[in-house]
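A.B. asks: Read off the chains here:
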Amino acid sequence: GENVEQHPSTLSVQEGDSAVIKCTYSDSASNYFPWYKQELGKGPQLIIDIRSNVGEKKDQRIAVTLNKTAKHFSLHITETQPEDSAVYFCAASTGAGGTSYGKLTFGQGTILTVHP
Amino acid sequence: GAVVSQHPSWVICKSGTSVKIECRSLDFQATTMFWYRQFPKQSLMLMATSNEGSKATYEQGVEKDKFLINHASLTLSTLTVTSAHPEDSSFYICRGQGGADTQYFGPGTRLTVL
Numbered sequence: 001g002e003n004v005e006q007h008p009s010t011l012s013v014q015e016g017d018s019a020v021i022k023c024t025y026s027d028s029a030s031n032y033f034p035w036y037k038q039e040l041g042k043g044p045q046l047i048i049d050i051r052s053n054v055g056e057k058k059d060q061r062i063a064v065t066l067n068k069t070a071k072h073f074s075l076h077i078t079e080t081q082p083e084d085s086a087v088y089f090c091a092a093s094t095g096a097g098g099t100s101y102g103k104l105t106f107g108q109g110t111i112l113t114v115h116p
Numbered sequence: 117g118a119v120v121s122q123h124p125s126w127v128i129c130k131s132g133t134s135v136k137i138e139c140r141s142l143d144f145q146a147t148t149m150f151w152y153r154q155f156p157k158q159s160l161m162l163m164a165t166s167n168e169g170s171k172a173t174y175e176q177g178v179e180k181d182k183f184l185i186n187h188a189s190l191t192l193s194t195l196t197v198t199s200a201h202p203e204d205s206s207f208y209i210c211r212g213q214g215g216a217d218t219q220y221f222g223p224g225t226r227l228t229v230l
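Protein chains in written order, with our numbering: chain X, 1 to 116; chain A, 117 to 230.
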């Protein structure tokens with residue numbers, strides 16, 4: 001089955017700096033890669049996603065890049081703010097297509113702390 | 117935007133009792149519902165997948181007789197933890213999936229078994 005590795009496990013940055021979180025996946029058939037932000041005691045919230053036919057996607061301060069050859073994808077947050085502090089999870093799915101997102105396999109999570 | 121709600125948000129029960137957690141999709145039809153369990157400082161582990169009107173498919177190692185999942189309608193799925201024990205204490209989260217570009221996690225339910 002799919003295996004997703006996420007690094008680093010913790011990341012501490014100063015406000016205004018950039019933060020990068022990286023994930024690798026094992027199944028070359030994976031075609032959907034979402035990123036979630038989870039605050040303490042809450043469910044994960046989708047912040048950005050990318051499909052395998054796209055190499056990069058950007059939404060304001062957040063961007064995701066995908067390298068299918070190397071089987072890794074990364075989350076980039078620019079101009080970080082204290083409210084960006086949370087746990088971030090990457091995930092991969094082989095079932096995306098049409099109306100399906102399939103079964104997601106999650107990375108281990110990264111605790112991001114943005115210091116004012 | 118679409119919202120998935122869970123009830124209760126937290127529950128404390130005695131060992132041996134059963135607990136039911138409800139997951140509702142409020143403004144979309146969730147044809148598929150995924151149930152996850154998350155232990156403190158760990159990632160989300162998929163427990164089972166259910167399609168409306170069908171039996172749930174459980175992941176390896178998840179006891180289907182202990183974690184009963186019902187997905188009787190397109191807006192409601194329930195997870196019942198039967199004969200709960202302290203090791204079942206965890207954060208349970210559902211994820212509803214509907215049409216194109218529609219998938220949302222619920223806010224989670226914190227279960228504590230004494």
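These aren't lab readings, by the way, just hints derived from the structure by calculation. Just so you know, even glycine gets a beta-carbon here, dropped at the ideal spot from N, CA and C. Just so you know, not all the hints are guaranteed correct.
Partial selection, computed: residues in chain X whose CB lies under 10 Å from chain A [as the list claims (entries may be wrong)]:
(1) Y36
(2) Q38
(3) G43
(4) L46
(5) V54
(6) A63
(7) T65
(8) K68
(9) V87
(10) F89
(11) A91
(12) K103
(13) F106
(14) Q108
(15) I111
Below, a list of computed lysine-lysine pairs in the BS3-like style, where the Cα atoms sit at most 25 Å apart [to be verified]:
(16) K157/A x K37/X
(17) K42/X x K157/A
(18) K68/X x K37/X
A.B. asks: With 10 Å as the cut and Cβ atoms as the points, is Q108/X at the interface with chain A?
C.D. replies: Constraint on Q108/X satisfied, holds at 5 Å.
A.B. asks: Does the CB of A91/X sit less than 10 Å away from some CB of chain A?
C.D. replies: Holds, about 8 Å.
A.B. asks: Under the criterion of a CB-CB separation shorter than 10 Å, is I111/X in contact with chain A as hinted?
C.D. replies: At about 8 Å, which falls below the 10 Å cut-off, the nearest Cβ of chain A leaves the hint on I111/X intact, so it holds.
A.B. asks: With a cut-off of 10 Å on the beta carbons, see whether F89/X makes it to chain A.
C.D. replies: 6 Å, holds
A.B. asks: Verify the interface restraint on T65/X: the C-beta must sit less than 10 Å from at least one C-beta of chain A.
C.D. replies: At 21 Å from the nearest chain A Cβ, T65/X fails the 10 Å test, so the hint is violated.
A.B. asks: Hint validation: G43/X versus chain A, beta carbon distance must be below 10 Å. Holds or violated?
C.D. replies: Status holds, d = 4 Å.
A.B. asks: Can you verify the interface hint for A63/X: is its Cβ closer than 10 Å to any Cβ in chain A?
C.D. replies: 19 Å, violated
A.B. asks: Less than 10 Å between beta-carbons is the criterion; does K68/X satisfy it with respect to chain A?
C.D. replies: 22 Å, violated
A.B. asks: Would you mind confirming whether the straight-line C-alpha gap from K157/A to K37/X stays at or under 25 Å?
C.D. replies: OK: K157/A and K37/X at ~14 Å, within 25 Å.
A.B. asks: At a threshold of 10 Å, is the proposed contact between V54/X and chain A supported by beta-carbon distances?
C.D. replies: It is violated, given that the least Cβ distance between V54/X and chain A is near 14 Å, above 10 Å.
A.B. asks: Just to be careful: measuring from the Cβ of Q38/X to every Cβ in chain A, is the smallest value less than 10 Å?
C.D. replies: It holds, given that the least Cβ distance between Q38/X and chain A is near 9 Å, below 10 Å.
A.B. asks: Would the hint on F106/X stand, with a C-beta cut-off of 10 Å toward chain A?
C.D. replies: 5 Å, holds
The structure does not agree with the numbered hints 5, 6, 7, 8 stated previously, though it agrees with the rest.
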